[in-house]
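Undergrad: This is what each chain is made of:
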Amino acid sequence: EPEVTQTPSHQVTQMGQEVILRCVPISNHLYFYWYRQILGQKVEFLVSFYNNEISEKSEIFDDQFSVERPDGSNFTLKIRSTKLEDSAMYFCASSDRRHQITETQYFGPGTRLLVL
Amino acid sequence: SQQGEEDPQALSIQEGENATMNCSYKTSINNLQWYRQNSGRGLVHLILIRSNEREKHSGRLRVTLDTSKKSSSLLITASRAADTASYFCATNKAAGNKLTFGGGTRVLVKP
Numbered sequence: 001e002p003e004v005t006q007t008p009s010h011q012v013t014q015m016g017q018e019v020i021l022r023c024v025p026i027s028n029h030l031y032f033y034w035y036r037q038i039l040g041q042k043v044e045f046l047v048s049f050y051n052n053e054i055s056e057k058s059e060i061f062d063d064q065f066s067v068e069r070p071d072g073s074n075f076t077l078k079i080r081s082t083k084l085e086d087s088a089m090y091f092c093a094s095s096d097r098r099h100q101i102t103e104t105q106y107f108g109p110g111t112r113l114l115v116l
Numbered sequence: 001s002q003q004g005e006e007d008p009q010a011l012s013i014q015e016g017e018n019a020t021m022n023c024s025y026k027t028s029i030n031n032l033q034w035y036r037q038n039s040g041r042g043l044v045h046l047i048l049i050r051s052n053e054r055e056k057h058s059g060r061l062r063v064t065l066d067t068s069k070k071s072s073s074l075l076i077t078a079s080r081a082a083d084t085a086s087y088f089c090a091t092n093k094a095a096g097n098k099l100t101f102g103g104g105t106r107v108l109v110k111p
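Protein chains in written order, with this note's numbering: chain A, 1 to 116; chain B, 1 to 111.
Pulled out of the complex, with its shape left as it was, chain A reads as follows:
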């Protein structure tokens, strides 16, 4: 069964450093998302991406964040200058809107980011 994959599974970085989190969405999906979950808290939406551009973003997704789909398979989240409060589990998700029944968002296993 197709699945969303994410790398790395864990990342430790120093405050102020740039990190890139990588995701490979399900191959025929058209919508891509990033969410994050701070330990013990709710899953929060960051950004959605469709047709090579951001379709929606939350207030969390400030100028320090960017997303890119550099090729036909990868979807990346970059944090330019990490802060302590960026420590969280980051989830990538994808969905396929072409078929009426497929609004389901499928999530990857997550990247646990720890900023020291």
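None of these hints come from the bench; they were simulated from the model.
A quick note: this is a predicted structure, and the numbers were derived from the prediction, not measured.
Careful: at least some of the hints might be erroneous.
[What the hints assert, rightly or not] The calculated lysine-lysine pairs, modelled on DSBU-like cross-linking and capped at a C-alpha distance of 35 Å, are:
no. : chain 1 : residue 1 : chain 2 : residue 2
1   : A       : Lys78     : B       : Lys56
2   : A       : Lys78     : B       : Lys93
3   : B       : Lys93     : B       : Lys70
Assemble the complex: chain A is given as a structure, and chain B must be docked to it using the hints.
TA: Then chain B, alone, in the frame of chain A:
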């Protein structure tokens, strides 16, 4: 309360019992999705119910949706120890839009 709030926050049951958890939301939705998360791991999609549906089943799962009350319930029948996890509801205003998650219900199924 915020969009997508579950109750109870935690639930402890014996194996074989049923587990019921509820989710309330505030704004109109296109669909509502339930996810499971094992400790520290990814989100596994369980079931999606659309705003024009009232009930759906998938295996041992039964989901109801009452749009007049803006609430949904997830029932797990004949629970197993492997059902121990956190369960989240997430609302979606339209396909392709963001999911808004609740705080989750932590379910412990004791063998």
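Undergrad: Determine for every hint whether it applies to the structure shown.
TA: Checked hints:
no., hint, verdict
1, Lys78/A x Lys56/B, "violated, 38 Å"
2, Lys78/A x Lys93/B, "holds, 27 Å"
3, Lys93/B x Lys70/B, "holds, 13 Å"
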